[in-house]
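Engineer: Those sequence lines, one after another, are chains A and B.
Numbering-wise (this note's numbering), the first sequence opens with residue 12 and increments by one.
Numbering-wise (this note's numbering), the second sequence opens with residue 12 and increments by one.
Check the hints yourself; a few may be wrong.
One copy or two, it doesn't matter: identical chains are merged, so the pair holds either way.
[To be verified] Distance condition first, Cα-Cα at most 25 Å in a straight line; then the derived SDA-like pairs of lysine to any residue:
no., residue 1, residue 2
1, K137, A384
2, K285, P322
3, K137, G343
4, K137, R16
5, K137, P223
6, K137, R373
7, K285, L208
8, K137, Y323
9, K137, D118
10, K285, R341
11, K137, G19
12, K285, P352
13, K137, A45
14, K285, G354
15, K137, P22
16, K285, D152
17, K285, L329
18, K285, G153
19, K285, Q165
20, K285, A163
21, K285, G344
No lab work stands behind these hints, which were simulated from the structure alone.
Since the model is a prediction, treat every value here as computed from it, not as a measurement.
Protein chains: 2
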Amino acid sequence: MIHTRPIGSLPTPCLLLDLNRLESNVRRMRAHLAQFAVSFRPHLKTAKSLDVARRVMDAAHGPAMVSTLREAEYYASQGVLDLVYGVGIAPGKLDRVGEIRARHGADLVVILDSTEQAESVASWSKANGDPLPTLIEIDCDGHRSGVQPWNAEQLTAIGRAVTEGGARLRGILTHAGGSYGLRHAEGLTNAAAAERLAAVQAADALRAAGLPCPVVSIGSTPTASFVRNLMGITEVRAGVFMFGDLVQSGIGTCQVDEIAVSVLATVIGHQRAKGWIIIDAGWMALSPDRGASGQALDQGYGLVCDSACLPYPDLIVLETNQEHGIVGIRPGGGAPPPDLPVGSLVRILPNHACSTCAQHDRYRVISADAVVAEWPRANGW
Amino acid sequence: MIHTRPIGSLPTPCLLLDLNRLESNVRRMRAHLAQFAVSFRPHLKTAKSLDVARRVMDAAHGPAMVSTLREAEYYASQGVLDLVYGVGIAPGKLDRVGEIRARHGADLVVILDSTEQAESVASWSKANGDPLPTLIEIDCDGHRSGVQPWNAEQLTAIGRAVTEGGARLRGILTHAGGSYGLRHAEGLTNAAAAERLAAVQAADALRAAGLPCPVVSIGSTPTASFVRNLMGITEVRAGVFMFGDLVQSGIGTCQVDEIAVSVLATVIGHQRAKGWIIIDAGWMALSPDRGASGQALDQGYGLVCDSACLPYPDLIVLETNQEHGIVGIRPGGGAPPPDLPVGSLVRILPNHACSTCAQHDRYRVISADAVVAEWPRANGW
Numbered sequence: 012m013i014h015t016r017p018i019g020s021l022p023t024p025c026l027l028l029d030l031n032r033l034e035s036n037v038r039r040m041r042a043h044l045a046q047f048a049v050s051f052r053p054h055l056k057t058a059k060s061l062d063v064a065r066r067v068m069d070a071a072h073g074p075a076m077v078s079t080l081r082e083a084e085y086y087a088s089q090g091v092l093d094l095v096y097g098v099g100i101a102p103g104k105l106d107r108v109g110e111i112r113a114r115h116g117a118d119l120v121v122i123l124d125s126t127e128q129a130e131s132v133a134s135w136s137k138a139n140g141d142p143l144p145t146l147i148e149i150d151c152d153g154h155r156s157g158v159q160p161w162n163a164e165q166l167t168a169i170g171r172a173v174t175e176g177g178a179r180l181r182g183i184l185t186h187a188g189g190s191y192g193l194r195h196a197e198g199l200t201n202a203a204a205a206e207r208l209a210a211v212q213a214a215d216a217l218r219a220a221g222l223p224c225p226v227v228s229i230g231s232t233p234t235a236s237f238v239r240n241l242m243g244i245t246e247v248r249a250g251v252f253m254f255g256d257l258v259q260s261g262i263g264t265c266q267v268d269e270i271a272v273s274v275l276a277t278v279i280g281h282q283r284a285k286g287w288i289i290i291d292a293g294w295m296a297l298s299p300d301r302g303a304s305g306q307a308l309d310q311g312y313g314l315v316c317d318s319a320c321l322p323y324p325d326l327i328v329l330e331t332n333q334e335h336g337i338v339g340i341r342p343g344g345g346a347p348p349p350d351l352p353v354g355s356l357v358r359i360l361p362n363h364a365c366s367t368c369a370q371h372d373r374y375r376v377i378s379a380d381a382v383v384a385e386w387p388r389a390n391g392w
Numbered sequence: 012m013i014h015t016r017p018i019g020s021l022p023t024p025c026l027l028l029d030l031n032r033l034e035s036n037v038r039r040m041r042a043h044l045a046q047f048a049v050s051f052r053p054h055l056k057t058a059k060s061l062d063v064a065r066r067v068m069d070a071a072h073g074p075a076m077v078s079t080l081r082e083a084e085y086y087a088s089q090g091v092l093d094l095v096y097g098v099g100i101a102p103g104k105l106d107r108v109g110e111i112r113a114r115h116g117a118d119l120v121v122i123l124d125s126t127e128q129a130e131s132v133a134s135w136s137k138a139n140g141d142p143l144p145t146l147i148e149i150d151c152d153g154h155r156s157g158v159q160p161w162n163a164e165q166l167t168a169i170g171r172a173v174t175e176g177g178a179r180l181r182g183i184l185t186h187a188g189g190s191y192g193l194r195h196a197e198g199l200t201n202a203a204a205a206e207r208l209a210a211v212q213a214a215d216a217l218r219a220a221g222l223p224c225p226v227v228s229i230g231s232t233p234t235a236s237f238v239r240n241l242m243g244i245t246e247v248r249a250g251v252f253m254f255g256d257l258v259q260s261g262i263g264t265c266q267v268d269e270i271a272v273s274v275l276a277t278v279i280g281h282q283r284a285k286g287w288i289i290i291d292a293g294w295m296a297l298s299p300d301r302g303a304s305g306q307a308l309d310q311g312y313g314l315v316c317d318s319a320c321l322p323y324p325d326l327i328v329l330e331t332n333q334e335h336g337i338v339g340i341r342p343g344g345g346a347p348p349p350d351l352p353v354g355s356l357v358r359i360l361p362n363h364a365c366s367t368c369a370q371h372d373r374y375r376v377i378s379a380d381a382v383v384a385e386w387p388r389a390n391g392w
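Next comes chain A alone, as it looks inside the complex (with noise of 0.2 Å):
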């Protein structure tokens, strides 16, 4: 903790967090994941730091979620020791993730998809007699990775590899990370549905095959935040629920003025006859995502808002350089410019959090827009 100090003292560009609406972000998806059955493991990878995840956790080890070894090590080394590392296992890194086991004494899970992922994890468990804890990837949208959750055949031929060559089979985890492409309610539970369906029958297929499927894990923010039936699930996943963005505003998940990250800068010139103002706060700070562009209402590089982080009408960062922001009116917006001098300050909301907070070694925490904490975060791998 530092002294309360005004939001003017902070050096620009810089990235707040506002502690009010994270905490509600958070309470408001567990009391809609609290009317089901279900354990909640919050993915940390949007916020890469202890202090974010002990606002969000169930305890404080855990369960978590986090998508590099560096996070592993350091929520473990912190006591957060029920973790699953959710990105496809590679041979190579699999003496780091031992070590991260036995040091810390943490329960870390890895994921994979085929047998031969299956095959090295089996070998090294059985080298270094540490049954490693493993789920099974199924591909319940065709976005990325995973097994299909009709190929039964594929399931048992994994599973078995995993049991038969001496490590542990933990269950199956689908990512319907293709609901990020959708907009509208019914699209949403439909996507909800559709990823459970393909877990549980993915995790019939290995029962049925007389392997063990404990763990039935699915998530994303915008299926948790829309799914109506859990039936057959164990737990639920979700990560940029905590913080919400502009593309997640786009989708439906949060409104607006709940995102609760943004990035502070300061205007330091002028192009009057373009109607441009040019602020300190490019795409090193703000991140090149432009992930709202492909939405309905395309944000540029961010939304302008004055430095309570109320919006200004049709301000956006229209383009950026690596430490300039060109902001101005969005393309069809009716409302002239607002007059801010050199020297203003503005907060820009994000189109993407996990992107915009990765720019940044540390969270400026403020509350009733003073500065009240500054947290570290545990960038890179």
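Mind docking chain B on chain A? Use the hints.
Structural biologist: This is chain B only, laid out in the frame that chain A set:
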């Protein structure tokens, strides 16, 4: 320096820097500029590394250009004292500029393009007894900031506000950022000529008003590479040329086999029915930058090479998630994807070196495909 070791011993994803390519890129630019009577001020924002800077600068003290005050502090603290901070100055940053100047004895120059900024710089200079050296930014191609070069009245007003208020006028600076949108040698040579003319016109206007203008500074990697006449120019700047990238190769300032930075990644899975190879480098390691998407050859999120950096025909990163890359043949490409089992190493050439390097905290420096050093980066603000 660390002991020489094979690339295969590195954790993935990580950022590789090919020392021989770096040195050759620097030699090429220096040889080209040697025909002109100008000084060379490399922009260090791409590298953010003293180890790289030392291989690019004329001398240990500079000259050099930076994009953040964090870079200015980092370089100045290690003896690089001839520095321009190339982002329009905000009043709230002047104390930090003064601190870097005083603590390290750095000749740190600020840039500005309005009388408001000039007045705040002058009044800070007077109040602190440190007359800040100042360059007026000129807009040579409408792409971002700067005074119009024909606007003698505004130039003179800014120049007077600087000199009469108590700061020092060092001259003018312009950057042909619009040249990044060009493709052909003729257009680039014209852009370089226009950049020179704008700079000379602005310098003449200041001198005609009796104001000093010892420095006339221009530059961008494309215009510096294609310029044929530098009459009236005292200084050329360029940055990304030292690494090169796919965007620069699309513009024509480098060849693909001259690109010095790449991301080392591991194959973690397949979707064989779709021709997809999944790697452990997503937008977090590659950057969400799609800079080549508007060029003749869309390179996706990067061009995929073998571990010796030889490109596979038409193999690109088609799509990314945070820690996943989906590799496949580019639309319209003929060759089938190579057979790369789980665990295979690949190297990804980036669209935009500045943004890809920004995702990493260090370079793994390689020579003849062995790791010979690890160089830190000075990220952040």
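Engineer: It remains to establish, for every hint, whether it holds in the given structure.
Structural biologist: Status of each hint after checking the structure:
Within a single copy, K137 and A384 get their C-alpha atoms no closer than 46 Å, and across copies no closer than 35 Å, so neither meets the 25 Å cut-off. In the homo-oligomer, the alpha carbons of K285 and P322 lie at most 25 Å apart inside one protomer (21 Å), although the nearest pairing across protomers, at 43 Å, exceeds that limit. Taking identical chains as interchangeable, the C-alpha atoms of K137 and G343 are never at most 25 Å apart, the minima being 63 Å within one chain and 46 Å between chains. Taking CA atoms no more than 25 Å apart as the test, K137 paired with R16 passes in neither setting, with 55 Å inside one copy and 28 Å between copies.
Taking the closest pair of Cα atoms, K137 and P223 come within 25 Å of each other only inside a single copy of the chain (19 Å); across copies the shortest separation is 76 Å, beyond that limit. Within a single copy, K137 and R373 get their C-alpha atoms no closer than 40 Å, and across copies no closer than 35 Å, so neither meets the 25 Å cut-off. For a Cα distance limit of 25 Å, the shortest separation of K285 from L208 across copies, 23 Å, qualifies, whereas the shortest one inside one copy, 53 Å, does not. Proximity of K137 to Y323 under the C-alpha cut-off of 25 Å is found in neither arrangement, the shortest distances being 60 Å within a copy and 36 Å between copies.
When the C-alpha separation of K137 and D118 is checked against a cutoff of 25 Å, the pair qualifies only within one copy, where the shortest distance is 17 Å, while the shortest distance between copies is 62 Å. In the homo-oligomer, the alpha carbons of K285 and R341 lie at most 25 Å apart inside one protomer (13 Å), although the nearest pairing across protomers, at 38 Å, exceeds that limit. Only between protomers do K137 and G19 lie at most 25 Å apart by alpha-carbon distance; the minimum there is 24 Å, versus 57 Å within a single protomer. In this assembly of identical chains, K285 and P352 lie within 25 Å of each other by CA distance solely inside one copy; the values are 16 Å within and 53 Å between copies.
For the homomeric pair K137 and A45, neither the shortest alpha-carbon distance inside one copy (39 Å) nor that between copies (63 Å) is at most 25 Å. Taking CA atoms no more than 25 Å apart as the test, K285 paired with G354 passes inside one copy only; the shortest distance there is 20 Å, against 52 Å between copies. When the C-alpha separation of K137 and P22 is checked against a cutoff of 25 Å, the pair qualifies only between copies, where the shortest distance is 23 Å, while the shortest distance within a copy is 52 Å. For the homomeric pair K285 and D152, the shortest alpha-carbon distance between copies (13 Å) is at most 25 Å, but the shortest distance inside one copy (44 Å) is not.
In this assembly of identical chains, K285 and L329 lie within 25 Å of each other by CA distance solely inside one copy; the values are 12 Å within and 36 Å between copies. For the identical chains of this complex, K285 and G153 are inter-copy neighbours only, at 10 Å across copies versus 44 Å inside a copy, given an alpha-carbon limit of 25 Å. In this homomeric assembly, K285 and Q165 come within 25 Å of each other (Cα to Cα) only across copies, at 17 Å, whereas the closest approach inside a single copy is 59 Å. When the C-alpha separation of K285 and A163 is checked against a cutoff of 25 Å, the pair qualifies only between copies, where the shortest distance is 20 Å, while the shortest distance within a copy is 61 Å.
Within a single copy, K285 and G344 get their C-alpha atoms as close as 14 Å, which meets the 25 Å cut-off; across copies the closest is 41 Å, which misses it.
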